[in-house]
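Enquirer: Sequence:
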Amino acid sequence: MAYLLSKDGKPYYTTGCKAFPCAVSANRVEVDFKNPVDKVDANGCIYTESEIRKRLNIKMIDSWDAENEKVVKVSNKTVSSIIVEETEPKEEKVTEEEPKEEKKK
Numbered sequence: 005m006a007y008l009l010s011k012d013g014k015p016y017y018t019t020g021c022k023a024f025p026c027a028v029s030a031n032r033v034e035v036d037f038k039n040p041v042d043k044v045d046a047n048g049c050i051y052t053e054s055e056i057r058k059r060l061n062i063k064m065i066d067s068w069d070a071e072n073e074k075v076v077k078v079s080n081k082t083v084s085s086i087i088v089e090e091t092e093p094k095e096e097k098v099t100e101e102e103p104k105e106e107k108k109k
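Basically our numbering = 1-based index in the sequence shown + 4.
It should be emphasised that the hints constitute simulated quantities derived from the structure, not laboratory data. Virtual Cβ for every residue (Gly too), placed ideally from N, Cα, C. Among the hints, a few may not be true.
[Unchecked claim] Below, in silico cross-link-like pairs of lysine to aspartate or glutamate (DMTMM-like), each with a Cα-Cα straight-line distance of 20 Å or less:
#1 81 to 53
#2 81 to 12
#3 81 to 55
#4 43 to 12
#5 11 to 55
#6 77 to 36
#7 11 to 45
#8 77 to 66
#9 63 to 53
#10 14 to 55
#11 38 to 55
#12 81 to 66
#13 22 to 12
#14 63 to 42
#15 63 to 34
#16 58 to 34
#17 38 to 69
#18 38 to 66
#19 81 to 69
#20 81 to 34
#21 81 to 36
#22 11 to 71
#23 14 to 42
#24 22 to 42
#25 14 to 36
#26 22 to 45
#27 22 to 69
[Claimed, not checked] Okay, the calculated beta carbon distance ranges per label pair:
#28 84 to 42: 15 to 25 Å
#29 74 to 12: 37 to 47 Å
#30 7 to 82: 17 to 27 Å
#31 55 to 87: 40 to 50 Å
#32 22 to 68: 19 to 29 Å
#33 72 to 42: 19 to 29 Å
#34 38 to 79: 38 to 48 Å
#35 21 to 71: 39 to 49 Å
#36 88 to 6: 19 to 29 Å
#37 45 to 86: 29 to 39 Å
#38 19 to 68: 36 to 46 Å
Generate coordinates for the entire structure from the input sequences, incorporating the hints supplied.
Expert: Right, here's the structure in full:
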């Protein structure tokens, strides 16, 4: 059972003394344990997974699976407090070949 805080509409997983950013969808909770948050003041409210889903209006909805031709249940949204660091694309080194000089006989 996960215990979660809500701050500015974003969920945070808590152990009681530390808080971690997380992503909540209707069928799973993903926690980023590598980046603990220093302080999250949530006015003392700690929620269970089902309670935080109700607060954030996350639910299962019907969708169509065209490949299998049937109705499937999917999450209507995912709410996340996990910060995604953008990585800069690596610069490709382009080397131009120098034209070879032809030897005259």
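Enquirer: For each hint, tell me whether it holds in the structure or not.
Expert: To see whether the hints hold, each was checked on the structure:
{"no.": "1", "hint": "81 to 53", "result": "15 Å, holds"}
{"no.": "2", "hint": "81 to 12", "result": "17 Å, holds"}
{"no.": "3", "hint": "81 to 55", "result": "16 Å, holds"}
{"no.": "4", "hint": "43 to 12", "result": "13 Å, holds"}
{"no.": "5", "hint": "11 to 55", "result": "14 Å, holds"}
{"no.": "6", "hint": "77 to 36", "result": "26 Å, violated"}
{"no.": "7", "hint": "11 to 45", "result": "7 Å, holds"}
{"no.": "8", "hint": "77 to 66", "result": "5 Å, holds"}
{"no.": "9", "hint": "63 to 53", "result": "12 Å, holds"}
{"no.": "10", "hint": "14 to 55", "result": "14 Å, holds"}
{"no.": "11", "hint": "38 to 55", "result": "25 Å, violated"}
{"no.": "12", "hint": "81 to 66", "result": "13 Å, holds"}
{"no.": "13", "hint": "22 to 12", "result": "18 Å, holds"}
{"no.": "14", "hint": "63 to 42", "result": "30 Å, violated"}
{"no.": "15", "hint": "63 to 34", "result": "16 Å, holds"}
{"no.": "16", "hint": "58 to 34", "result": "17 Å, holds"}
{"no.": "17", "hint": "38 to 69", "result": "35 Å, violated"}
{"no.": "18", "hint": "38 to 66", "result": "34 Å, violated"}
{"no.": "19", "hint": "81 to 69", "result": "17 Å, holds"}
{"no.": "20", "hint": "81 to 34", "result": "14 Å, holds"}
{"no.": "21", "hint": "81 to 36", "result": "19 Å, holds"}
{"no.": "22", "hint": "11 to 71", "result": "39 Å, violated"}
{"no.": "23", "hint": "14 to 42", "result": "15 Å, holds"}
{"no.": "24", "hint": "22 to 42", "result": "8 Å, holds"}
{"no.": "25", "hint": "14 to 36", "result": "14 Å, holds"}
{"no.": "26", "hint": "22 to 45", "result": "11 Å, holds"}
{"no.": "27", "hint": "22 to 69", "result": "40 Å, violated"}
{"no.": "28", "hint": "84 to 42: 15 to 25 Å", "result": "18 Å, holds"}
{"no.": "29", "hint": "74 to 12: 37 to 47 Å", "result": "38 Å, holds"}
{"no.": "30", "hint": "7 to 82: 17 to 27 Å", "result": "19 Å, holds"}
{"no.": "31", "hint": "55 to 87: 40 to 50 Å", "result": "24 Å, violated"}
{"no.": "32", "hint": "22 to 68: 19 to 29 Å", "result": "41 Å, violated"}
{"no.": "33", "hint": "72 to 42: 19 to 29 Å", "result": "46 Å, violated"}
{"no.": "34", "hint": "38 to 79: 38 to 48 Å", "result": "24 Å, violated"}
{"no.": "35", "hint": "21 to 71: 39 to 49 Å", "result": "46 Å, holds"}
{"no.": "36", "hint": "88 to 6: 19 to 29 Å", "result": "21 Å, holds"}
{"no.": "37", "hint": "45 to 86: 29 to 39 Å", "result": "19 Å, violated"}
{"no.": "38", "hint": "19 to 68: 36 to 46 Å", "result": "40 Å, holds"}
Against the hints set out earlier in the document, violations occur for numbers 6, 11, 14, 17, 18, 22, 27, 31, 32, 33, 34 and 37.
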